[in-house]
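2 protein chains.
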Amino acid sequence: MATTIAFLGIGLMGEPMSANLVKAGFPVTVWNRSAAKADPVVKLGAKRAATPEAATSGANIIITMLENGPIVRDVLFEQGAAKGIRAGALVIDMSSIPPDYAREHAKRLKAERKADYLDAPVSGGTVGAAEASLAIMAGGESAVFERARSILEKMGRPTLVGPTGTGQLAKLCNQAIVGINIIAVAEALLLAAAGGADPAAVRKAITGGFADSKILQVHGQRMIERKFLPGGRSQVHLKDLNSVIDAANETKLDLPLSKATREIFKYLVDIGGGRYDQSAALLAIEHMNKPARVGAAPDILPKD
Amino acid sequence: MATTIAFLGIGLMGEPMSANLVKAGFPVTVWNRSAAKADPVVKLGAKRAATPEAATSGANIIITMLENGPIVRDVLFEQGAAKGIRAGALVIDMSSIPPDYAREHAKRLKAERKADYLDAPVSGGTVGAAEASLAIMAGGESAVFERARSILEKMGRPTLVGPTGTGQLAKLCNQAIVGINIIAVAEALLLAAAGGADPAAVRKAITGGFADSKILQVHGQRMIERKFLPGGRSQVHLKDLNSVIDAANETKLDLPLSKATREIFKYLVDIGGGRYDQSAALLAIEHMNKPARVGAAPDILPKD
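Protein chains in written order, with the working numbering: chain A, -3 to 300; chain B, -3 to 300.
All copies of an identical chain are treated as equivalent in the list; a pair is satisfied when it fits inside any one copy or across any two copies.
Straight-line C-alpha distance at most 30 Å; calculated DSSO-like pairs for lysine-lysine:
1) 33 - 235
2) 286 - 262
3) 223 - 248
4) 235 - 255
5) 235 - 210
6) 150 - 79
7) 103 - 200
8) 106 - 79
9) 299 - 210
10) 299 - 262
11) 255 - 210
12) 235 - 150
13) 248 - 200
14) 286 - 248
15) 200 - 19
16) 286 - 255
17) 200 - 150
18) 223 - 255
19) 150 - 210
20) 210 - 200
21) 103 - 79
By construction, these hints were calculated from the structure, which means they are not laboratory data.
The task is simple: from the sequences and hints, build the whole structure.
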């Protein structure tokens, strides 16, 4: 049977991801809550469905790329997407949602629709989505992953990390490292500035050594320029860090830096930085240490 | 006047660094406490001095690469190195020592010997030293830095970050980021394992995304293999993290992750891991969370 894909959720990420599937030659039917966002991918050749059920009923592969766990659950089981899913179809949820949501969705789709399930959240942002270079962390059965592989490879680099839910867990591991490393860079640049060094020169000097990272390169530069336009919003990162701590609690782990980092992002949101880029964690560390500051330039903040 | 170099401290780092200066054609006189360690660089063409004073008295550039602040102070001012230093000579201290030590050495060398001073600690390890790709963080006057530049460039990539002492401060910033990021990777891999994912697959899946770093690549792999042979010893990293907190206290900064990371490295040293590689910070996080563990393989530990 030829592959036919339903893609639910055509936002900042879903649009370039679904576009890459269309360009690869797959027949793709898209659905989005605000239909207009799907215009570019429809122009590329995707079909538009008026409802989630209309999208899924013609497909044997269903991809969801939605905002959070409750929304995925709502679209699947309240707005009718599940009703259209045939026995033997494969649901690939590429949204970032808590692992226990993923496990429950897998169970219900198997019980109610006899469908397979793979959790496959991504890292790499809109640039990675456009370039089809996303890191894709997949959880599920090996045979199910193999069935999905050629599709996922059109959007990035998929890796099977374990059973259902562990793709989401790997995404949480990713977000923990990202959040902690952002605070590490913020603390180091503030220490450099307070001690009389030029933070921009320090960042440049240590790039390439053992302190080097994507975060030092990208978010470190944003901190130097005090340019806190997202990128990734801090309130979304706080949501992910809350899920990290929930997952740690479920497995009875005490993870001191993950916990402290969650508190710092909560502090940032509390002082009004929820809409700012994650690199604005620097503002939280500075706020705790007034009047210490990295550079004299004014903050560049989002307008809405 | 032609450049003549004295190089004091021919250890794991000093040997390849001084060798690169010899290969670049500079006349280099070396001194080391245990003379035999200088044999390879003497074979390459360096002269051997019997005492620190004998080394420095023939040189207009004096490079020190010693273990810590007290040892640098002892070699300079107690063992006679300073006595040999001429007016107008330049002392480049590439050791990693506290910023306040560096500032005092600069002051004394200027007052007692009319000599210039640059602090220029490095990051990149023995591989970076051998490949002349060290990140070199320099503190001092701009003209002094320019005088040193062509020599430093034979050992790596020098960047002037500010006045005297700020090279050492930049090194501390580097060590703070490295230490925090090691704990970040340890926490993430333990969370992955405890939640039923394959930690090796998770590490592979997130490499290349925003969580990527030198630490994830190098120390993350050591954690997966449970291979804790140094590399960099944890007790040395604890010493650096103590200096980070001292520098933060001097500038009245509260840096929560740096502080927590110092406590975790102290915990590791307390449970006997001081001689282990920094990646053994995983053992501290596991020890706090018994019986959670990353993988079933036995630990590979140093013998002495």
